[in-house]
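Visitor: Sequences listed follow chains U and G, in order. At position 56 of the first sequence (counting the first as 1) the number is 56 in the UniProt record's numbering, and the numbers step up by one without a gap. At position 11 of the second sequence (counting the first as 1) the number is 11 in the UniProt record's numbering, and the numbers step up by one without a gap.
Treat the hints with caution; some may be incorrect.
Said to hold, decoys possible - Each computed BS3-like pair below joins lysine-lysine, with the alpha-carbon atoms no more than 27 Å apart: (1) G:K40 <-> G:K51; (2) G:K51 <-> U:K143; (3) G:K80 <-> U:K150; (4) G:K39 <-> U:K56; (5) G:K194 <-> G:K51; (6) U:K150 <-> G:K39; (7) G:K174 <-> G:K194; (8) G:K80 <-> G:K40; (9) U:K56 <-> G:K87; (10) G:K39 <-> U:K143; (11) G:K189 <-> U:K56; (12) G:K174 <-> U:K55.
Worth flagging that the hints you see were computed from the coordinates, not collected in a lab.
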Amino acid sequence: MSKFKKKKTGLPALSTASLPDIVFMLLFFFMVTTTMRETDLLIDSPRLPSANEVKKLERKSLVSTIYVGKAKDAKYGTGYNRIQLNDKIATPEDIPSFIYLERDNVSEAEVPFMTTSIKADRESSVGTLADIREKLRDVNALKLSLSVNKGSSIRK
Amino acid sequence: MARRENPEINAGSMADIAFLLLIFFLVTTTMDVDSGIPKKLAEKQPENQEKPLIKEKNIFQVSINRNNQLLVEDRFMELKDLKDAAKKFIDNGGGTGNPMPGKEVGTTCDYCKGERDPASSDHPNKAIISVESDRGTEYGTYVAVQNELLRAYTELRNRLSQEKYGMSYDELEKAFIDSARKDESLRKKVEDIKDSYPQIISDTDPTNVQ
Numbered sequence: 001m002s003k004f005k006k007k008k009t010g011l012p013a014l015s016t017a018s019l020p021d022i023v024f025m026l027l028f029f030f031m032v033t034t035t036m037r038e039t040d041l042l043i044d045s046p047r048l049p050s051a052n053e054v055k056k057l058e059r060k061s062l063v064s065t066i067y068v069g070k071a072k073d074a075k076y077g078t079g080y081n082r083i084q085l086n087d088k089i090a091t092p093e094d095i096p097s098f099i100y101l102e103r104d105n106v107s108e109a110e111v112p113f114m115t116t117s118i119k120a121d122r123e124s125s126v127g128t129l130a131d132i133r134e135k136l137r138d139v140n141a142l143k144l145s146l147s148v149n150k151g152s153s154i155r156k
Numbered sequence: 001m002a003r004r005e006n007p008e009i010n011a012g013s014m015a016d017i018a019f020l021l022l023i024f025f026l027v028t029t030t031m032d033v034d035s036g037i038p039k040k041l042a043e044k045q046p047e048n049q050e051k052p053l054i055k056e057k058n059i060f061q062v063s064i065n066r067n068n069q070l071l072v073e074d075r076f077m078e079l080k081d082l083k084d085a086a087k088k089f090i091d092n093g094g095g096t097g098n099p100m101p102g103k104e105v106g107t108t109c110d111y112c113k114g115e116r117d118p119a120s121s122d123h124p125n126k127a128i129i130s131v132e133s134d135r136g137t138e139y140g141t142y143v144a145v146q147n148e149l150l151r152a153y154t155e156l157r158n159r160l161s162q163e164k165y166g167m168s169y170d171e172l173e174k175a176f177i178d179s180a181r182k183d184e185s186l187r188k189k190v191e192d193i194k195d196s197y198p199q200i201i202s203d204t205d206p207t208n209v210q
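Chain G on its own, in the form it takes in the complex:
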């Protein structure tokens, strides 16, 4: 008698099963990489906290009304001009700033390329951008304004970083992250640029104009 061979298992349906599973995962999957505009809220202040005195010239007032129009420093402005106006304000360097971290006294901004207009901001670390919006303002406009302001900072940081270290701030930051945030010399550079142009954007509570 001939030896009986083991019958081969028919694997034809295996592909079907795998496809079924595959399609299930394809459908339920979300591939989106979550990205967003980072914001840091201010801590809650005690009721009787005195407001710090800030010179009017160090505040860059951006207001958005409920028709999504911009009022910048009491003048109407198009969204596309906002970035340059903000840059001009931040980079003005008209006086002495707050002391840099680790320093005793404030200095004038020696890396600013602005007009040094005494009526505009003293120093990037004193320059505050205040965004005021109406309760009825569209969220999309609000985000677009935030984005333009951040772009102003990014361009300034990139410029300074390019001059000082020969690479843009984006590259510098990426190199630092790639080193698993351990490279001390890179950390110093990143922090230096960050401190030179700190992002100070405050949101005032929205108004409710009828």
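Isolated chain U (complex conformation):
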């Protein structure tokens, strides 16, 4: 037996001290880039049509979104033309008040820059879009964006 006991050989424990740091870094990244889902969708997530001539929507705070698609709940009917404003299924008649509410959230100077983004299912019909358009015109919300997936052009 030697005087100095040989140290047990074996792998030293892997230091995981920096793991929290890495995870925190990722966490902060997500916290900063994240936008929370604002509304619960009451319609099936619309399958957007695809197009390539698109413009990015800037200044998210000035965008109000109208969803068009098939209601999840069968009591609203089974067609693809249900309109969702905020948290409920609505009719085109509700659009003016929706726009006025949205306008309350921004300063007066920015009202002309407000955009309405329409997220409609590709199987919904143009008639619904026309109804929405007419109501928007009534309240002078003239900037519109038809939300699409960026992709190839010829493919509806």
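For chain U, the structure is supplied; the task is to place chain G on it using the hints.
Guide: Only chain G this time, still in chain U's reference frame:
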């Protein structure tokens, strides 16, 4: 007595907590960049507003029926041919146009490369594309048509910009935006191209054919 060391705090669970938060944010996050086809609605006109007189030849009529078929200038057309037909119409340059901004009189289109057919549009700034659809038309088809029409304009703008300024309109616009919309010479160029080929696409109220 030996000095007592401060006991080390066990940070082993810190990673777990951070992971928990991380997963929460991963799940609730939406990464989509919202992009869409921009449209500008016309202002509401007073009831008794007289309709402006527009020559028939300056209107490019696109109709979509409820079976998603295209009727362009009274002929059936496939979606893939629409862009070229629209380009031909816009770029015809068969007569004098409306005065350009800052000018008194209208001129002929000296940058158009079209056939100068007197039966087609006079000038890009007079050429109106009118899209008519049925209430039952599928939204997807409608968007595809809008996209094709915008593509026609983009290609024309790119071509003109390439000739005049040696860079495509997309690059020109990007350079302008990158300059924080402050570079005056770029602004002039962008507006010049825009005015040369203004996008005039109107939507007529949908019909309801049974």
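Visitor: So, for every hint listed, does it hold in this structure?
Guide: Tested hints:
Between K40 of chain G and K51 of chain G the alpha-carbon distance is near 19 Å, which keeps this suggested pair within the 27 Å criterion. Among the hinted pairs, K51 of chain G with K143 of chain U is consistent with the structure: their alpha-carbon atoms are about 23 Å apart, no more than 27 Å. Between K80 of chain G and K150 of chain U, the direct Cα distance comes to roughly 18 Å. Compliance with the 27 Å bound is thereby established for this hinted pair. Among the hinted pairs, K39 of chain G with K56 of chain U is consistent with the structure: their alpha-carbon atoms are about 13 Å apart, no more than 27 Å.
Proximity of K194 of chain G to K51 of chain G is assessed by CA-CA distance (about 25 Å); at most 27 Å being required, the pair is judged to hold. The hinted pair formed by K150 of chain U and K39 of chain G meets the criterion: a straight-line CA distance of about 16 Å does not exceed 27 Å. Restraint check: the Cα-Cα separation between K174 of chain G and K194 of chain G comes to about 14 Å, which is no more than 27 Å; the hinted pair holds. Among the hinted pairs, K80 of chain G with K40 of chain G is consistent with the structure: their alpha-carbon atoms are about 25 Å apart, no more than 27 Å.
Taken as a hint, the K56 of chain U and K87 of chain G pair is honoured in the structure, with Cα atoms around 25 Å apart against an allowance of 27 Å. Among the hinted pairs, K39 of chain G with K143 of chain U is consistent with the structure: their alpha-carbon atoms are about 6 Å apart, no more than 27 Å. At most 27 Å may separate the alpha-carbon atoms for a hinted pair to count; K189 of chain G and K56 of chain U meet this at roughly 22 Å. Proximity of K174 of chain G to K55 of chain U is assessed by CA-CA distance (about 12 Å); at most 27 Å being required, the pair is judged to hold.
Of the numbered hints stated above, none is contradicted by the structure.
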